[in-house]
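Below are the chains, spelled out letter by letter.
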Amino acid sequence: MPTVVANGIDFHYEDDNFTDPWRTAETIWIQHGVGRSSEFWHHWVPPLASTYRVIRRDQRGHGRSVFPGKDFDWSIDDLMKDMVEFLDRLGLESVHYIGESMGAVLGVACSHRWPERFKSLTLCSMPADLRPPKNKALTVGYADSAQAKRDLGVAGWAEKMIEQGVISRGQSPEYLKWAINEINQTSLEVLVGIGRPLYTPEANVAEMLSTLQVPTLVLAPTKSPITSLEDQVWIRDTIPDARIEVIDGPTHETYVDRPLECIEAVKDFLSRLPSRSSL
Amino acid sequence: MPDVIANGARFHYELDDFTDPWVESDTVWLQHGFGRSGKFWYQWVPPLSGKYRVIRRDMRGHGLSQDPGPGHPWNIEELLNDMKSFLDELGLESIHYVGESVGAMLGACFAARWPERIKSLTLSSMAMFMNRSDYEEGKLAPNGGMDWPTALRELGVGGWAETQMVPGIFAGMDGSPERKKWLIEQWNKTPRHVAIELQAAVMNFDVRPFLTQIKVPTLVLAPSNSALQPLERQIQVHRMVAGSKIAVIQGPGHEVYFDSAKSATAAHRKFLNSI
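Protein chains in written order, with the numbering used here: chain A, 1 to 279; chain B, 1 to 275.
If you are wondering where the hints come from, they were derived from the structure by calculation, not from laboratory data. Quick caveat: nothing in here was measured; it's all calculated off a predicted structure. Where a beta carbon is used, it is the ideal one built from N, C-alpha and C, also for glycine. It cannot be assumed that every hint is accurate.
To spell it out: a stretch of chain B is covered by chain A in this simulated footprint if at least three of its residues, at any positions, have a beta carbon under 8 Å from a beta carbon of chain A; those stretches are [to be verified]:
(1) 126-137
(2) 141-155
(3) 196-202
In silico BS3-like links for lysine-lysine, alpha-carbon gap of 25 Å or less [what the hints assert, rightly or not]:
(4) B:Lys39 <-> B:Lys270
(5) B:Lys215 <-> B:Lys39
(6) B:Lys139 <-> B:Lys39
(7) A:Lys177 <-> B:Lys180
(8) B:Lys119 <-> A:Lys267
(9) B:Lys84 <-> B:Lys139
(10) A:Lys267 <-> B:Lys262
(11) B:Lys262 <-> B:Lys180
(12) B:Lys262 <-> B:Lys181
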């Protein structure tokens, strides 16, 4: 429901908290990936919101967050600035961050630059390397993924991503219909725009992993067409003291396919963190 | 956040819904009792809201609902019409109802009168009638050594509630001081005149004639150790509602929906799954 202005635009976010009201609970920030929205994570709230305040932010131009205009110059730097200002505006000193796919990439970049703002990091299906040919499930025969999006349109691109196993078709035809409709709310300019920075040097988070200072959980998909289990193990091995949980699902979107396993892994990870916060 | 005008008054309610948007989900209505508010049910939202739309309504004069002002002619009939009108205004054909204390008594009457609006009925720590000697004169309820209306007047609603925070009675008797403080603060949000005048109205409330008329699936959530409602009384309720189920919830006192939310919600979920 609420919105907050950060880095010049209105961000929509959901804020759910069913913890004991006489205590200040820690906050979990869930950040969705490209083309999706906070709605895709509604089912994660009940299992977490008795213990944590759960915030789900709609990415710039996604969900109900404001369209930044077709001339917006998408950059990792700006997307990161969005995030740290979001934390500032909400008065959140530090959070447990759960990022999916591109949300995970941004999580690494932000916790690398501002480690004091992140109590923990959960990387759900983070692609380690999107250089050709590792990104062929995204380019689907076109010169690059931007071309693919422009030619196919948002709905067409979503269908292709479902075919490739990058986007999940879920457990029912009703889910699929809903998911495609939700993704269709994203404008083509945003879909093309947000993908571009992934191929810039700033998005090469691989270089940041070895110096990450935030406790990290790697949720590794087994059948993602854009990131292999070997890549996920490499991510875990590169981040100091990171933990890995393998989530065996049919697609890249394990948080949709295997939510209970993912949430179980996250809860266990969070419960074992050394408690540094006060009540 | 939202408000609705029903039966001539403004009612505040919270709606928490984390159900899958591509399926039609049932609604659960959680109704607090005397002097409390929807906030007291916060522990019930996560266990239910993945599968049900969860509504917590603030009763007339309570929480953030409109205060009718001192001298309002409080009566059970009006409270029942408030509930019917609330459902009508929200366009809710029928719902799963969970009530505690007076909220349960109202739920029982409502279900007897309008069964088509109630998919299931859960009565948590319900009294069949409020015996003057037990409650008003303080045989079971301490009231700080005064009678109930005097205690409300002299101590305020929070002050009176604090006298009840003893073993067998209200939540807040154990646990942290911060928990007790929060509870007293919540009780204190109820205007004194609302509590005093509603108390007078419920002293004549007897739901026994309605219990045998209830035809909807019913669960009795019976507190194991309530000084106000011993287990025998809860078993009587169970006997009077044909086909009802009973679950004993272990807890230190009367308010098991709050003190033992985990087991209470588990019993409730089990019941809903069995319908």
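Verification of the hints:
By the rule of at least three residues with a Cβ nearer than 8 Å to a Cβ of chain A, the coverage given for the segment 126-137 of chain B is violated, with 0 such residues. Closer than 8 Å: that is the beta-carbon criterion, and the segment 141-155 of chain B has 0 residues meeting it against chain A, so the requirement of 3 is violated. As drawn, the segment 196-202 of chain B meets chain A at 0 residues by the rule of a beta-carbon pair under 8 Å; below three, the given contact is violated. The hinted pair formed by lysine 39 of chain B and lysine 270 of chain B meets the criterion: a straight-line CA distance of about 24 Å does not exceed 25 Å.
For the suggested pair lysine 215 of chain B and lysine 39 of chain B, the alpha carbons sit about 30 Å apart, so the restraint of at most 25 Å is broken. Under the criterion of a C-alpha separation no larger than 25 Å, the hint pairing lysine 139 of chain B with lysine 39 of chain B is inconsistent with the structure, at around 29 Å. Distance hint between lysine 177 of chain A and lysine 180 of chain B is unfulfilled; the C-alpha atoms sit about 48 Å from each other, more than 25 Å. For the hint linking lysine 119 of chain B to lysine 267 of chain A, the alpha-carbon distance of about 34 Å lies beyond 25 Å, and the restraint is violated.
Our distance criterion of 25 Å between C-alpha atoms is broken by lysine 84 of chain B and lysine 139 of chain B, whose separation comes to about 35 Å. Restraint check for lysine 267 of chain A and lysine 262 of chain B: the C-alpha separation of about 18 Å stays at or below 25 Å, so the hint holds. Distance restraint check for lysine 262 of chain B and lysine 180 of chain B: the Cα-Cα separation of roughly 19 Å lies within the 25 Å cut-off, and the hinted pair is therefore satisfied. As the CA atoms of lysine 262 of chain B and lysine 181 of chain B are separated by approximately 22 Å, the hinted pair is consistent with the 25 Å bound.
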